[in-house]
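Visitor: The chain contents come next:
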Amino acid sequence: MNSANISLKPEISSSLDWGKIRADFPILQLKIDGKPLIYLDNAASSQMPQQVIDRLVRYQTTQHANINRAVHYLSEVATLEYHNARCKLQQFINAREDREVIFTSGTTDSINLVMHGYGRKFIKAGDEIILTTLEHHSNIVPWQMLAEEKGAKIRVVPINDKGELEVDKYEKLFNERTKFVGLIHVSNALGTINPIKSMIDFAHRYSVPVLIDGAQAAPHIPIDVQALDCDFYAFSAHKLCGPTGVGILYGKATLLEAMQPFKGGGDMISSVTFEKTTYNTIPHKFEAGTPPIAAAIGFGAAVEYLTAIGIECIAAYEFDLLEYATERLSEMPGVRIIGTAAEKTAVISFTIAGVHPHDVGTILNQDGIAVRTGHHCAQPIMQRFNVPATSRASFAFYNKKSEVDALVAGIKTVQKIFL
Amino acid sequence: MMHTNSLYQEVILDHNRKPRNYGKLDHANHHAVGHNPLCGDRLDITLQLDNDQINNIAFQGESCAICKASASMMTAAVKGKSRADAETLIHEFRELATGKLDINQPNHLGRLTVFSGIRDLPTRVKCAILPWHTLHAALNSLSNASTEESSESASPIPNKHLV
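Chains A and C are the protein sequences, given in the same order.
Under the working numbering, the first residue of the first sequence carries the number 54, and numbering increases by one thereafter.
Under the working numbering, the first residue of the second sequence carries the number 29, and numbering increases by one thereafter.
I should point out that these hints are in silico values taken from the structure, not numbers from a laboratory.
Computed list of lysine to any residue pairs in SDA-like fashion (alpha-carbon distance at most 20 Å, straight line):
(1) A:Lys465 <-> C:Arg45
(2) C:Lys46 <-> A:Gly407
(3) A:Lys469 <-> C:Lys46
Just so it is clear, the structure is predicted and the values come from calculations on it, not from any experiment.
Whole structure, please, built from the sequences with the hints as guidance.
Guide: Structure, rendered in structure tokens:
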């Protein structure tokens, strides 16, 4: 996906009533110390529209019971609604089959599932795992744990000064020992959209499976796992207008079937004796215990909500916001934008000369502006740019240009205080 | 909610701009490194302790304005003081930052009470306390201090794999 694709439907995007869409989000009416909330921390977690809140209430007030167990009415309704949610996620990412969609507790859990289920079974001493400098800690640490346990080796794809992956160097890392690739689709710290399709194709030439961390991509650009031909794709609901505590792992059925279970417990078995346990079929093999039923159903409602607006329209609208914000911040003296890739989602990481990001965050908060400050769980990126931390404004489709203006004014206040 | 400007007062901004006792002592006999793993702030404190008196102290590091100003004002406050007086200040400052100290009651903090507003910013309390943690570690010959250890109590900070 790139900006050329993103601007496919600008005319549709501009015909939507974005003010009305914004009104779907009750939390955006909040005042912080008397100032309207300006929520620019969407890459950390997005807000929830009334439609999804209502769905959670409806489930909890009229449909809740445990699933896959009892024969009573509520259990059947809850089981059906949970299954429907899985099917909505399947459609959202265009997976071939619903059993290829596993509910997890979130992206981190999904990646750990692949590490335990695939990595611990198939990665051996001397094997190599390719990761990139842009990875979130959640797609680094599990693989380091595996590498330590197995005696495998991590190879890292570098980035250039704009925060783009050096794809030619990625390709040079491959050899007969390469057994796995973990790749972030969109950088949470910089917004860089990686050319994952060509990178997946290249890995497949060596028959190496590829896991895509899509936590920052799924809310902002259309995902088609069949077109991408990725082997695994992971993301969380709460960055996508859904509830916390749930996410999915997409995996190709053949791979999921070959993998070992991650967690043992109820629902993931077909029979248990003390001599031997037989595991259930996918996706159940990977969903031990009572899943987050309400959250999964809310997740289904969230992707339905986003699909009704159209992810392509969302992408076009957000791209317009990004262009505006980049222009405004670029012309501010003392402000340095970290991450200037040609293909980006609406994330702007920046530093202000002479001011630590935590002071920036505290002072912006005084104007009701919520940004994230820190290393964004991506310390290798901070090291690459030689900064301890950045401030990050990350936008969603319910943000507006006047909020970019407020951010610019807030940054001026910071600079005035620290003059 | 407090107004942040009452925290970013001129005295704090001044100490951030021109930190006192900034650097590293060549002949220190006590030394500790403080680290806030949540934000990456890192502080290095060296001091000369003779007969339980802090004859000289210096700090350096990479941190936000709150942390740097707190460190600067701390070094100015404890220089020339006895170890016991420094420990009293450490205790009182921690109580101040965590909102447990009644600043109307007698205390030894003096101008350090400009940090009283930090109690309303829970995410920033650790920034202000880190230098004091580190001083405590240095005085007690612990090489490392972390904001993720015993931030509430004045008990010795264990020298574990914190940094």
